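Put together the whole structure using the sequences plus the hints.
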Amino acid sequence: MTAPTAEASPPEQRPARRRGVELSLLVCAVLVSVFGYVCVGLARQGAVPPDAARYGAGLGALALVAHLAVRFRAPWADPLLLPIAVLLNGLGLVLIHRLDLETPGDVAAPTQLVWSALGVALCVATVIALGDHRVLRRHARACVVAALLLLCAPVLFPPVNGARIWIRIGELSLQPGEFAKVLLAVFFAAHLAAHREALTAAGRRALGAVRLPAGRAAGPVVGVWLLSMLVLVLERDLGTSLLFFGLFVVLLYVATGRVGWIALGLLLAAAGAYAVGTLEPHVHGRVEDWLDPYAGIEAGQGTGQLAQSLFAFGTGGVLGTGLGLGHSVLIGFAAKSDFILATAGEELGLAGLTALLLLYALLVGRGFQAATRLDDAFGTLLAVGLSSIVALQVFVIAGGVTGLIPLTGMAMPFLAQGGSSVVTNWVIVALLIRLSHAARAPRPAPAEPAAAPARPVVLR
Amino acid sequence: MIRCTRHAAWFCALLLTALLVNAARVQVVESPGLDRNPGNRRADIARYNVPRGDILVDAGPVTGSRDTGGRLRYERTYRDGPLYAPVTGYASQTYGTSLLENLEDGILAGTDPLLSPLPLWDGLNRIRPPGGHVVTTIRAAVQEAAYRGLDGRRGAVAAIEPSSGRILALVSSPSYDPGRFAGTDGASADAWTRLNGAPAQPMLNRAIRQTYPPGSAFKIVTAAAALDSGAVDDVDAPTRTPHPYVLPGTTTVLPDTAEGCENASLAYALQWSCNTVMAGLGARVGLRGMVEAAAGFGFNDPRLRIPAAVSRSNFDTDMSVDQLALSSIGQFNTTATPLQMAMVASAVAGGGVLRHPYLVEKVTRAGGATAEHHGPRAYRQAMNPATAMRLREMMVQAVEEGTGRKAAIGGATVGGKTGTAQHGVGNKGTPYAWFISWAQADDAPQPGVAVAVVVEDASADRAEISGGGSAAPIARAVMRAALRG
Chain S
1 MTAPTAEASP PEQRPARRRG VELSLLVCAV LVSVFGYVCV GLARQGAVPP DAARYGAGLG
61 ALALVAHLAV RFRAPWADPL LLPIAVLLNG LGLVLIHRLD LETPGDVAAP TQLVWSALGV
121 ALCVATVIAL GDHRVLRRHA RACVVAALLL LCAPVLFPPV NGARIWIRIG ELSLQPGEFA
181 KVLLAVFFAA HLAAHREALT AAGRRALGAV RLPAGRAAGP VVGVWLLSML VLVLERDLGT
241 SLLFFGLFVV LLYVATGRVG WIALGLLLAA AGAYAVGTLE PHVHGRVEDW LDPYAGIEAG
301 QGTGQLAQSL FAFGTGGVLG TGLGLGHSVL IGFAAKSDFI LATAGEELGL AGLTALLLLY
361 ALLVGRGFQA ATRLDDAFGT LLAVGLSSIV ALQVFVIAGG VTGLIPLTGM AMPFLAQGGS
421 SVVTNWVIVA LLIRLSHAAR APRPAPAEPA AAPARPVVLR
Chain F
1 MIRCTRHAAW FCALLLTALL VNAARVQVVE SPGLDRNPGN RRADIARYNV PRGDILVDAG
61 PVTGSRDTGG RLRYERTYRD GPLYAPVTGY ASQTYGTSLL ENLEDGILAG TDPLLSPLPL
121 WDGLNRIRPP GGHVVTTIRA AVQEAAYRGL DGRRGAVAAI EPSSGRILAL VSSPSYDPGR
181 FAGTDGASAD AWTRLNGAPA QPMLNRAIRQ TYPPGSAFKI VTAAAALDSG AVDDVDAPTR
241 TPHPYVLPGT TTVLPDTAEG CENASLAYAL QWSCNTVMAG LGARVGLRGM VEAAAGFGFN
301 DPRLRIPAAV SRSNFDTDMS VDQLALSSIG QFNTTATPLQ MAMVASAVAG GGVLRHPYLV
361 EKVTRAGGAT AEHHGPRAYR QAMNPATAMR LREMMVQAVE EGTGRKAAIG GATVGGKTGT
421 AQHGVGNKGT PYAWFISWAQ ADDAPQPGVA VAVVVEDASA DRAEISGGGS AAPIARAVMR
481 AALRG
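Residue numbers (this note's numbering), protein chains in the order written: chain S, 1 to 460; chain F, 1 to 485.
Keep in mind that a hint or two might mislead.
Away from chain S, derived, C-beta distances all over 12 angstroms, residues of chain F [stated by the list, open to error]:
#1 Asp-35
#2 Arg-153
#3 Ala-200
#4 Pro-255
#5 Gly-411
Which bits of chain F does chain S cover? Going by a derived footprint, with three or more residues having C-beta under 8 angstroms, they are [to be verified]:
#6 5–17
#7 41–53
#8 187–193
Have a look at the derived ranges for each label pair, beta carbon to beta carbon [as the list claims (entries may be wrong)]:
#9 Gly-96/F / Leu-230/S: 52 to 62 angstroms
#10 Arg-36/F / Tyr-274/S: 31 to 41 angstroms
#11 His-7/F / Glu-280/S: 29 to 39 angstroms
#12 Leu-118/S / Pro-130/F: 44 to 54 angstroms
#13 Leu-64/S / Gly-33/F: 20 to 30 angstroms
#14 Arg-54/S / His-7/F: 40 to 50 angstroms
#15 Thr-111/S / Arg-305/F: 53 to 63 angstroms
#16 His-284/S / Gly-33/F: 48 to 58 angstroms
#17 Gly-285/S / Trp-10/F: 29 to 39 angstroms
#18 Arg-6/F / Thr-278/S: 52 to 62 angstroms
These aren't lab readings, by the way, just hints derived from the structure by calculation. Please read all numbers here as calculations on a predicted model, not as lab measurements. Cβ atoms here follow ideal geometry from the backbone N, Cα and C, with glycine treated the same way.
This is the structure we're talking about:
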């Protein structure tokens with residue numbers, strides 16, 4: 001593991017472009033979403049919603065634009081990434097619309113549609129503008145500054161539901177932590193790629209088997225990580241801090257190949273989690289709720305959110321009640337965001353939930369596949385980082401609402417209501433498209449001429 | 001680095017697998033328990049999402065459903081709520097169900113497999129059939145006569161068709177309107193609190209859940225025991241009873257309100273309700289014989305259901321002779337529900353055969369097709385047919401020229417027995433007025449109705465209270481209504 005292992009396969013084994021496959025999968029994704037929308041209408045109003053065709057056309061147009069951008073600007077990209085994103089986003093819109101019907105005073109689907117369009121637009125812009133992902137490496141410093149600024153910004157704004165993670169400007173509310181995670185992934189990848197050798201080889205021996213790396217190489221990474229953790233703990237955004245921690249440990253392991261890092265990381269995580277879980281009342285309450293979700297019912301104080309979520313999953317059973325026929329709205333205020341998966345679990349059942357989780361697994365898996373095929377360490381680490389973000393986020397929130405781990409407020413990628421989240425996830429998909437294009441494109445061919453900037457990129 | 005990337009990928013796969021396993025645990029393994037959790041409102045929502053089936057009296061519904069448009073959509077309504085409350089019980093979204101609403105809940109709510117022609121198929125498809133109907137044995141005219149007769153006084157009436165066991169009327173007074181607390185709003189909560197706190201206990205079903213000392217009405221049981229055991233052969237022969245009668249083994253003299261009870265015959269004692277004669281006969285029959293006779297009528301049966309559970313009527317099984325003598329005239333620890341005393345009258349009217357009393361004729365699907373039919377069932381042989389014949393004659397005599405004259409009906413043969421039960425510490429409480437009777441229309445082959453009436457009117461003048469005075473006219477009205485139909 002001391003040298004970068006670029007296992008270049010012979011060109012003839014490279015996959016075909018498969019843009020046609022992508023297009024047909026996109027058609028399927030749009031059709032499935034429209035079908036879900038029609039199902040909700042039939043179940044709730046007994047009629048096909050009059051705007052079903054418009055919804056389909058809108059989603060289809062977004063998908064088509066994204067497809068065209070990929071076809072012409074990243075023709076070797078993995079054909080699964082875009083359809084999965086469109087399907088998840090489409091189903092998310094259906095679920096939010098379905099919950100809107102129960103809460104006429106709080107309609108979220110139209111706003112979410114606007115944010116989704118913005119996300120796709122940003123995705124298209126990224127695919128078009130970012131000719132080569134290695135360009136990002138040069139902006140690592142800018143990324144980390146921006147990320148820290150974004151993370152600190154919510155401190156100036158009032159907390160919402162116990163967490164200071166929102167920026168409110170009039171009607172608009174943003175969650176800057178969402179954007180920060182992509183920027184931090186870029187920074188971590190760039191920094192670790194640059195100092196990989198120093199981190200792996202050098203370092204003093206300490207704590208017996210664990211080799212601590214040289215301070216110069218590890219310093220900035222550890223520093224940034226600690227700083228972001230501090231900010232997040234202050235903002236009580238436990239989910240995001242868990243995500244950053246996981247991202248950090250995974251990238252460190254992939255870059256250095258040292259198991260010691262993981263051991264140390266887990267040790268630190270356990271200590272940190274224990275401290276926060278016992279000392280911080282907000283978090284402590286969630287841990288208590290996780291240990292006994294039904295305590296409130298037995299004490300006659302009503303039903304907690306987690307218990308309501310578990311009821312929803314339980315009601316869904318294997319096949320679900322059918323779209324529009326569940327009662328997950330009983331969960332209350334976060335039913336469209338943190339707890340959106342409960343609606344999926346209740347109305348689509350274990351079958352639907354499994355399908356959703358497999359879609360995420362496929363997205364993550366394709367990201368990792370691109371990572372293994374990329375020649376440059378930065379690209380590999382970035383692909384690993386972005387895939388891990390999706391995987392960890394799905395695990396943290398899905399594990400939270402199904403009672404596997406204590407609940408932490410996070411957004412299910414693409415599915416949940418939340419503008420910052422959906423935009424960020426589209427950017428992640430855009431970056432993965434670019435990375436997979438670079439990974440799958442025939443090796444001798446250089447990147448698009450137009451994308452090659454004036455300065456040559458330094459390869460490791 | 002590729003190797004480590006693969007490790008990271010496997011780690012992510014592990015996380016997703018953990019999610020799937022956990023989801024399967026929640027959605028498959030724990031699902032039934034979660035459905036039953038009291039904090040889970042889905043069962044309620046599903047339950048009230050469709051109109052509830054109805055409870056029928058004389059082929060007409062006495063219940064209904066109202067669409068509130070709320071989350072718990074359909075709310076129960078009642079036609080003549082107070083009149084039928086002792087039969088229907090209540091179905092409240094807040095406080096649950098009682099009586100028939102409770103016992104036939106599966107039928108009314110549509111969850112009973114009986115309603116579904118293909119239960120397994122419907123279960124798979126999550127099809128919930130519309131609620132079925134419960135057809136009662138109650139007859140509106142009889143029920144109304146009883147309710148009007150009690151006229152708000154505390155008391156109860158039970159009427160049975162002796163040949164079948166059908167319960168024709170089941171009235172408790174004062175009553176309540178179950179529709180007042182059917183919903184989930186504040187008015188429901190207020191009504192519930194008020195009804196539960198009311199001193200008159202309007203929600204107590206006195207006809208089947210309250211036991212009273214039966215007083216002299218119990219003498220029918222004692223007479224049956226005396227005849228069946230052979231303690232009395234000839235109902236018109238003197239019974240060798242001293243007057244004044246001292247309870248065996250004590251110095252307590254048993255009082256008698258009737259005249260001419262010394263050495264009176266059984267027929268005379270029943271006609272004029274002689275305490276001394278009946279107490280003496282009970283003592284002569286003995287504990288074993290008396291307990292057996294009482295059990296034959298349904299006393300000491302804790303499992304009697306109509307299908308609502310009927311409180312156990314008591315006749316002690318371990319007593320001294322003086323206690324037995326008191327018990328034989330319906331005092332001491334002897335208690336009975338009004339339904340139990342109607343069963344006593346019914347057994348006499350039915351020639352000694354006691355049918356199992358029942359309240360539900362059949363249950364039907366929403367369309368009216370019968371899902372289950374309840375016919376007459378044997379309950380007990382209360383006495384020999386010959387004994388029943390003689391008791392019938394004596395009860396008729398008690399109405400024609402004895403204490404029960406106010407129960408007589410033109411065009412029908414009526415047999416009855418009054419009762420005035422002492423109770424309270426030192427018998428200071430207002431006595432309960434009893435009347436049990438049966439009636440047979442002159443053109444009918446057998447008695448059509450057996451009735452028990454109890455009036456516990458605390459406000460009335462003590463002297464006014466007697467089975468013949470306040471309870472017999474109610475029984476008469478009830479029997480007339482029953483025979484007319």
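Evaluated hints:
1. With 12 angstroms as the threshold on Cβ separation, the claim that Asp-35/F sits away from chain S is violated: the shortest Cβ distance comes to roughly 6 angstroms.
2. The Cβ of Arg-153/F sits about 40 angstroms from the closest Cβ of chain S, beyond the 12 angstroms cut-off, so the non-interface label holds.
3. The claim that Ala-200/F lies off the interface holds: its Cβ sits roughly 30 angstroms from the closest Cβ of chain S, which is beyond the 12 angstroms cut-off.
4. No Cβ of chain S approaches the Cβ of Pro-255/F within 12 angstroms, the least distance being about 55 angstroms, so the stated non-interface status holds.
5. No beta-carbon of chain S is positioned within 12 angstroms of the beta-carbon of Gly-411/F; the least distance is around 60 angstroms.
6. Counting residues of the region 5–17 of chain F whose CB falls under 8 angstroms from any CB of chain S gives 10; the rule of at least 3 is met.
7. Only residues whose beta carbon comes within less than 8 angstroms of a beta carbon in chain S count, and the region 41–53 of chain F has 3; three or more means the coverage holds.
8. Under a criterion of three residues with beta carbons nearer than 8 angstroms to beta carbons of chain S, the stated coverage of the region 187–193 of chain F fails, only 0 such residues being counted.
9. Distance hint check: the CB atoms of Gly-96/F and Leu-230/S are about 53 angstroms apart, consistent with the given range 52 to 62 angstroms.
10. For the pair Arg-36/F and Tyr-274/S, the supplied restraint of 31 to 41 angstroms holds, since their beta-carbon distance comes to about 35 angstroms.
11. Range check, His-7/F to Glu-280/S: about 32 angstroms between beta-carbon atoms, so the 29 to 39 angstroms window is met.
12. Checked against the hint of 44 to 54 angstroms, the pair Leu-118/S and Pro-130/F passes, with Cβ atoms roughly 48 angstroms apart.
13. The given range of 20 to 30 angstroms is broken by Leu-64/S and Gly-33/F, whose C-beta atoms sit roughly 47 angstroms from each other.
14. Range check, Arg-54/S to His-7/F: about 46 angstroms between beta-carbon atoms, so the 40 to 50 angstroms window is met.
15. With their beta carbons about 59 angstroms apart, Thr-111/S and Arg-305/F fall inside the hinted range of 53 to 63 angstroms.
16. One distance hint, 48 to 58 angstroms for the beta-carbon pair His-284/S and Gly-33/F, is violated here, with the actual separation near 27 angstroms.
17. Between Gly-285/S and Trp-10/F the beta carbons are some 34 angstroms apart, a value that agrees with the proposed interval 29 to 39 angstroms.
18. Checked against the hint of 52 to 62 angstroms, the C-beta distance between Arg-6/F and Thr-278/S comes to roughly 37 angstroms, which is inconsistent with it.
The earlier numbered hints that this structure contradicts are 1, 8, 13, 16 and 18.
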